[in-house]
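Just need the whole structure built from these sequences, with the hints factored in.
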Amino acid sequence: MTTTDMATTRSPLTLDDVPALTALLNRIDSADQLGDPVEEPSTRERLTMPGLDLALDSLAVRRGEDLIGAVVVDVHDSVDRDGRVRCQLMGGVDPDHRRQGLGAELLAWSEERAAELAAQRHPERGEAVFRISGGRDPEPGAAADAPLTGGADVRPLLDARGYRRVRSWLIMVRELPGAPIDVPAPGGVRIIAPSDDLREPTREAHLAAFADHWGSAPIPEDRWSTFWFLHTARRELSTVALDADGTVLAYALTTEDRPGVLHVTLVGTRPEARGRGLARAVIARTLAAGAVAGFGSAELEVDAESLTGATRLYDALGFEQEHVYATYEKPVAPAGETR
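The opening residue of the sequence shown carries number 1 in the UniProt record's numbering; numbering runs sequentially from there.
Rather than coming from a laboratory, the hints here were simulated on the basis of the structure.
Bear in mind that the values here come from a model prediction, so they are computed numbers and not experimental data.
There could be a bad hint or two in this list.
[Unchecked claim] Restraint ranges, calculated between C-beta atoms of paired labels, are given here:
#, residue 1, residue 2, range
1, Ser297, Glu221, 28 to 36 Å
2, Ala185, Glu272, 14 to 22 Å
3, Asp243, Asp159, 47 to 55 Å
4, Gly126, Glu236, 39 to 47 Å
5, Ser297, Ala104, 33 to 41 Å
6, Glu320, Ala108, 36 to 44 Å
[Unchecked claim] Here are the simulated SDA-like pairs of lysine to any residue, each with C-alpha atoms no more than 20 Å apart in a straight line:
#, residue 1, residue 2
7, Lys330, Gly83
8, Lys330, Trp214
9, Lys330, Arg165
10, Lys330, Glu127
The beta-carbon is built from N, C-alpha and C at its ideal position, and this holds for glycine as well.
Encoded structure:
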């Protein structure tokens, strides 16, 4: 029996799917040349994120016993800085089963579920938006007719369904140890690795730091706690800047998602503390600690239009742009309307 002869079924994901979903994500990663494979613990953490109901917010497509496609919907509990409800759509189709309409089917299902969930969680909402990754831009100099890689082959589908590119994100990389970084010690500030009792103070600093950033919405305590205790978290290599009262003024939080690569996941400074070199100081301490721990490189993601000038800071710290990824959005139609 060939795979095309097998029955195709649709059902929600369950935690029993962690091994199969991990394998699917890694097949997608390999085919799309992303270089970002996942492990089962990370997949399980994604599927057990607070606020996610797999029975309602996920859909898996199976051919026989094989998982060949999946999608998960995540609607934020809070609105972003512009009063919008963020509806994140995440999924993919096995490379061997593409061009069969499964991607369009999963996207249509996820939009319908996200719109329903947005209306439930935010009955008095204003605008809501579907948000989805548009993959990686072609490398400079690539031929105009070259096949899209890096997950960007989804873009024709997104264009056809009314999505538009709204943001670009730079992946920046720095070799470790690299050139030494001279960072004067900020007066009256302690630069240290965060202990667990600084989890909530760091979240409060993050809420303040990102309140004026595009697309940012407050992270609730339970989700922050999940992020803080990820199995890939490297808090001993993360850094916070504390004032004399113990207030977190700035932070750089890290994970090790790929062996030997220190991922600087979040960097921020409270608005009232900007301009004092604190972001530079916390990143410098993290890079130095990563080098001592044997990491060969550090990477981070930054909004290409960052209002705080973060790209200039990272350039000055020796980071170099490696890739550009895109975010696509589409407005959610009010109940009873279609777009």
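Now the hints, each set against the structure:
1. Ser297 <-> Glu221: 28 to 36 Å: With Cβ atoms ~32 Å apart, the hint holds.
2. Ala185 <-> Glu272: 14 to 22 Å: Roughly 20 Å apart at Cβ, these two residues keep to the hinted range, so it holds.
3. Asp243 <-> Asp159: 47 to 55 Å: 48 Å, holds
4. Gly126 <-> Glu236: 39 to 47 Å: Holds: the Cβ-Cβ distance is about 42 Å, inside 39 to 47 Å.
5. Ser297 <-> Ala104: 33 to 41 Å: Distance hint for Ser297, Ala104 holds at roughly 37 Å.
6. Glu320 <-> Ala108: 36 to 44 Å: With Cβ atoms ~39 Å apart, the hint holds.
7. Lys330 <-> Gly83: 15 Å, holds
8. Lys330 <-> Trp214: 16 Å, holds
9. Lys330 <-> Arg165: With Cα atoms ~9 Å apart, Lys330 and Arg165 stay inside 20 Å; holds.
10. Lys330 <-> Glu127: It holds: about 11 Å lies between the C-alpha atoms, which stays within 20 Å.
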